[in-house]
Amino acid sequence: MAIQQSKDQLLRAYRQMKTIREFEERLHKEIMTGEIAGFTHLYSGQEAVAVGVCEHLDEKDLIVSTHRGHGHCIAKGCDVKAMMAEIFGRATGLGKGKGGSMHIADFDKGMLGANGIVGAGGPLAVGAALSAKLDGEGRVAVSFGGDGSVNQGAVLEAMNMAVVINAPAIFVIENNGYSEHTGADYAVGSKDIAARSEAFGMKTIKADGCDYFAVYDAMAELLDHARAGKGPCTAEFMTTRFFGHFEGDPQKYRAKDEVKRHRQEMDCLKNFRNSVATTGALDAADMDVIDEEVLNLIEEAVLKARAAPSPSPEEITTDVYISYQ
Amino acid sequence: MAIQQSKDQLLRAYRQMKTIREFEERLHKEIMTGEIAGFTHLYSGQEAVAVGVCEHLDEKDLIVSTHRGHGHCIAKGCDVKAMMAEIFGRATGLGKGKGGSMHIADFDKGMLGANGIVGAGGPLAVGAALSAKLDGEGRVAVSFGGDGSVNQGAVLEAMNMAVVINAPAIFVIENNGYSEHTGADYAVGSKDIAARSEAFGMKTIKADGCDYFAVYDAMAELLDHARAGKGPCTAEFMTTRFFGHFEGDPQKYRAKDEVKRHRQEMDCLKNFRNSVATTGALDAADMDVIDEEVLNLIEEAVLKARAAPSPSPEEITTDVYISYQ
Amino acid sequence: MTVMTYRDALNQVMHQEMERDSNVFVCGEDVSGGAGGTSGEREASGGIFGVTSGLLPKFGEDRVIDTPISENTIVGLAVGASLAGKRGIAEIMFADFLGLALDQTMNQAAKFRYMSGGKAKCPVVIRVPYGAGMNMAAQHSQTMYQIITSVPGLKVVMPSNPADAKGLLTTAIRDDDPVVFFEHKAMYGRKGEVPDGEYLVPFGQAALVNEGDDATIIAMGRMVTFAEKSLAGLKDDGVNCDLIDLRTTSPLDEDTILDSVEKTGRVVVVDECPPRCSVASDIAGFIASHGFSSLKAPVQQVTAPHSPVPFSKDLERAYVPGPAHIDAAVRKVVSYK
Amino acid sequence: MTVMTYRDALNQVMHQEMERDSNVFVCGEDVSGGAGGTSGEREASGGIFGVTSGLLPKFGEDRVIDTPISENTIVGLAVGASLAGKRGIAEIMFADFLGLALDQTMNQAAKFRYMSGGKAKCPVVIRVPYGAGMNMAAQHSQTMYQIITSVPGLKVVMPSNPADAKGLLTTAIRDDDPVVFFEHKAMYGRKGEVPDGEYLVPFGQAALVNEGDDATIIAMGRMVTFAEKSLAGLKDDGVNCDLIDLRTTSPLDEDTILDSVEKTGRVVVVDECPPRCSVASDIAGFIASHGFSSLKAPVQQVTAPHSPVPFSKDLERAYVPGPAHIDAAVRKVVSYK
Ligand SMILES: Cc1ncc(C[n+]2csc(CCOP(=O)(O)OP(=O)(O)O)c2C)c(N)n1
Ligand SMILES: Cc1ncc(C[n+]2csc(CCOP(=O)(O)OP(=O)(O)O)c2C)c(N)n1
Ligand SMILES: [Mg+2]
Ligand SMILES: [Mg+2]
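Protein chains in written order, with the working numbering: chain A, 120 to 444; chain B, 120 to 444; chain C, 109 to 445; chain D, 109 to 445.
Treat the hints with care, since some could be wrong.
Once the Cα atoms are required to be at most 25 Å apart in a straight line, the calculated DMTMM-like pairs of lysine to aspartate or glutamate come out as [to be verified]:
1) D:K229 x B:D227
2) A:K379 x A:E144
3) D:K404 x C:E370
4) A:K310 x A:D327
5) C:K421 x B:D198
6) C:K404 x C:D422
7) D:K440 x D:D345
8) D:K227 x B:E178
9) B:K200 x B:D405
10) A:K228 x A:D304
11) D:K227 x B:D254
12) A:K310 x D:E169
13) C:K229 x A:E149
14) B:K349 x A:D304
15) A:K228 x C:D285
16) A:K423 x D:D422
17) B:K200 x B:E149
18) C:K229 x A:D227
19) C:K445 x C:D345
20) C:K440 x B:E178
21) C:K445 x D:E370
22) D:K293 x A:D304
23) A:K310 x B:D336
24) B:K148 x C:D422
25) D:K404 x C:E362
26) D:K445 x C:D367
27) C:K229 x A:D254
28) D:K421 x A:D343
No wet-lab data here; the hints were simulated from the structure. Here the structure is a predicted model, which is why all the values come from computation and not from measurement.
Take these sequences, add in the hints, and give me the full structure.
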């Protein structure tokens, strides 16, 4: 019973997923050049989740993201060039280069920030949801988190808190099978994430995170529930990541051919193209055009970021009150 | 299918429960005199849990307790006089008067301490259980906690951790209906504690915490499981407290007659006497003798504590390495 | 002016500010009490120290939120809501429990504005009863403000009297940066004159509680009350001191400190913390770096010893810095040749 | 003596001590890596910084424990086991995450011995990679040791070179008090001569890395390496300094500090922390109180600014105290009249 989506909706969803994919594939190359410093966690492979969720949201809805946040940012409407500049540590970045990949945020877009602390987004999202509840306009807050984050006390507390205060929070768990170099089947003692959220008293749906349509439909149901004030919910989406945990990860913990196999069998973009082909909802040609445009956008973003200036040293002590100089 | 217990076992269990009861009832009076400082949380009403659990344990087994720890201490074999002296803040106390009611501990007895931080005992108990596991002698560690503690991230993390490392830890949740002035039916979002521990992958039993025999039988089953290395477990015992959260609590959050009713209907000592009367397992006379002996013991403990000296000022800086004098 | 307790002054501010700004809300354990259970009365406690009493009946459950025992999430709840347009006031029942909530306080609240290049605003207030003196032992008596003062991005407030409690809490709630507000448990019952109506005390402006040329006493929170006690006895012996009440340890009023040190050249810093990386050492170090040329004697640091807080009455009494310690330190510093 | 990296020195100690004492175990996130999943290799990482590599194959899963992401419980696991006869070594992947584990560290580990009147023993070691310099931004670059140094009952260790890394970690594992062991992320690859076999460096004994009469430089951790860099340039201009490497900030080697201050009268303290309640201020304050009579110039505190750690390369480089800052501070202090 897939929900009908218009051609425009489908094209936009495809463009969003493709933009995330190319953004990350390009970063993977750029990072090798050594120009990008610090920790970068790529989202390739999980695009259907970010987009399948955010296609339901508008700017007044709020999301809280993770260390693997580029996809969530793009899906929520952050400016791709300003994101790239931030990751390059430039003054033109969304955070003036002071936050970097793990801290991209755009509060005007309802994107309350990627986060370097696994699980910290849970409580923050419940707080954002409380704000939405107090305003009473049917807004919601989405907390993105991975399979590893459900072992963090903060997330478990947040799930209980959300139920207790009946906040319109939706916990989206992206189960990509690993937390860093450890399997979810090991670190999640029960091997069953959905059962946890249910035990906290939440409506919970588990679905295929590599299928945009499955994600979209699941979220439609949960969002109706949350927006109607019926309480918080959880979605567990099974997915995979196409790169290492962070750039530079040799991935010894994965079977030799795992990534190759997943790129063949679990690629949400391929899946999308296949299903719209069979249903005839979109023409390949239209998507080819998008592919072209996306590549140009990313190229432009990288060139602009490279050319942009670093923040000036004075920025070290701005955006924070200073005492004891 | 109640487990058979010998007359001696039953008499000891009764003596333990009675000792806890009278210890607390007497403290309630002593505190009014103002001689006892600080926070005191009385265990009256919950005796069947501490004793029903600890009657299965020996000194090599470990327990971690809570702010409401007097009952656990007595049940695990701590010296009643040294406990009383500690609560009075005397040099003769189990902790030389430096810990007080919330920090009574006796490591020689496998009693790893009452704890002022709700939920902190969860991780500590899993650590103690790890120690037992590494020694491979079938020892277990019991974590006592209240209905409020299952909303604390530390306890939820600990439950998952125990399952992941397969530690012989048993989480004993004493559900007395309140965390301070808040009902468990409010703060536990799901209103269902047992479902949480089950969702973490633990064998879980829920039983009447005002019935010594129900507690004893439930623990027998869980301890077999844990000692056999089959993994951690949880028990949820429904009980009640006969006093306020801490001494001085006006208990406005309780129905006017609640405590009176519970003292009539949910008194584990009355229940015990009734059931041994019906089964004919014990004579009332034997228990009357115990009552007498217990009262004398408590009286002596109080008199000794009152007479005991305060710790000397030098004790402020002992039992801790000191730097920067 | 009305005479009221430190507790009532704080309570009044929350009533006034929740009245004034519908974005202000309160959350914490038992801030009203009585939720669920067989509930005799709905507002069964109004906060374990009574500071939030009367708020629930007036502002309702949506804005006066009783929470489960989840300190990190209590702070996170207030922080998340504040990032999304509200002004959350989170109560952590005892400052010691910041040990559970430091991530949301230090890694989240303190850093959003900076990491976002100034886009984020996090107007949250975290209220924390702190300090020793009530025989609550090692896990319910810590100071914690030295730890929070060390974190860039957090403002640290320590009122020493009812008037400042009112003026500083009002400022804290209206401030757009995260503020950790330290209330000494032993001061809730302290009475004093409090300005009526709206009253704000700015951050970073210390109060010169007493003036004198012989020495400078610098204190904060409850230590100010002990310093005041010691002044009389000293005066009788002809020793007159400046007494500086920092009011906020971060931001720090450096000018007031340096002006007084320049005048007296002799300094006693009084701090309830254990010595290491304490506010006492922080101020002493600041003076050694920026006021050295005026110093005529070693800076005296009056602090607790470097040990946990003991339970036993007599031990705790001796553990906490008091008027006698201050008196001795002042006499030492003024007699130094 | 063998030349090896700071990382390998630490790794060697854990091999040696786990060999020597079967009560020693290691736990943390990905300390071996590769548990579960489709697991190509079982030991897939040996710690995100490689410090625990090789332990799993040698000592097995019971004593080399990969954990879920549960920092407070990782520390609690080690603390609870250590209270029950083991010697746990917990790795917290980044010092910043102590924000989640402070309760078990500060309220539990630090206080058991005291609260139990000396009955409890808590021989736990908490290993924490700390510090800026790798563009990991505000939540992965903090120092944290100023916070831990402020807690009575905790010992704080900060090796600045491979030999001390070995000697101090061995001492830490055998110590019966809880120890928080700070390893600077940017130093793991640093090479140096390391004594072979069993090697212990006692706590509370600073190292006099360089001798000179003109000034005293006091540093710890990575700041020592920067201070060393600045020595050469100063020497060329005829400025000779004592350089004191604290090694442990708690316990603190007060005698070595005071002896040097008495000799030089001019002090520069170098600390990676932001200024407030930092170790720099702690030492400066200590000297203002106990070394005042020897002081000839204001104590110079070289610290980071009072702001979070910025991401951008250029900003972070300017943020972290370096040789240039130290050089300037020394010249300032020696030229003071
Ligand atoms: C509190 C905390 N602990 C540990 C880390 C280090 N770390 C970063 S990502 C990560 C794994 C997260 O796994 P998961 O939640 O499944 O997200 P994924 O990386 O798979 O997207 C870890 C352990 C961290 N950043 N924060
Ligand atoms: C971390 C922490 N938060 C809050 C408190 C204050 N407090 C002490 S006991 C208690 C209620 C505990 O409820 P429960 O776990 O049900 O145990 P009970 O008191 O009913 O035995 C609270 C909130 C505390 N001691 N520690
Ligand atoms: Mg994952
Ligand atoms: Mg309870």
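Here's how the hints hold up against the structure:
1. D:K229 x B:D227: Holds, because 12 Å separates the two Cα atoms, which is no more than 25 Å.
2. A:K379 x A:E144: holds, 15 Å
3. D:K404 x C:E370: holds, 17 Å
4. A:K310 x A:D327: Since the Cα atoms of A:K310 and A:D327 sit roughly 17 Å apart, the hinted pair holds (cutoff 25 Å).
5. C:K421 x B:D198: It holds: about 22 Å lies between the C-alpha atoms, which stays within 25 Å.
6. C:K404 x C:D422: violated, 36 Å
7. D:K440 x D:D345: Holds, because 13 Å separates the two Cα atoms, which is no more than 25 Å.
8. D:K227 x B:E178: Holds, at about 16 Å.
9. B:K200 x B:D405: holds, 24 Å
10. A:K228 x A:D304: It is violated: about 35 Å lies between the C-alpha atoms, which goes past 25 Å.
11. D:K227 x B:D254: Holds - the C-alpha atoms of B:D254 and D:K227 are around 22 Å apart, at most 25 Å.
12. A:K310 x D:E169: holds, 19 Å
13. C:K229 x A:E149: violated, 32 Å
14. B:K349 x A:D304: holds, 18 Å
15. A:K228 x C:D285: holds, 21 Å
16. A:K423 x D:D422: holds, 18 Å
17. B:K200 x B:E149: Given that 25 Å is the threshold and the Cα spacing comes to 15 Å, the pair holds.
18. C:K229 x A:D227: holds, 12 Å
19. C:K445 x C:D345: holds, 18 Å
20. C:K440 x B:E178: violated, 54 Å
21. C:K445 x D:E370: holds, 18 Å
22. D:K293 x A:D304: violated, 30 Å
23. A:K310 x B:D336: violated, 30 Å
24. B:K148 x C:D422: Since the Cα atoms of B:K148 and C:D422 sit roughly 22 Å apart, the hinted pair holds (cutoff 25 Å).
25. D:K404 x C:E362: Since the Cα atoms of D:K404 and C:E362 sit roughly 22 Å apart, the hinted pair holds (cutoff 25 Å).
26. D:K445 x C:D367: holds, 22 Å
27. C:K229 x A:D254: The given pair, whose Cα atoms are some 18 Å apart, holds under the 25 Å limit.
28. D:K421 x A:D343: violated, 45 Å
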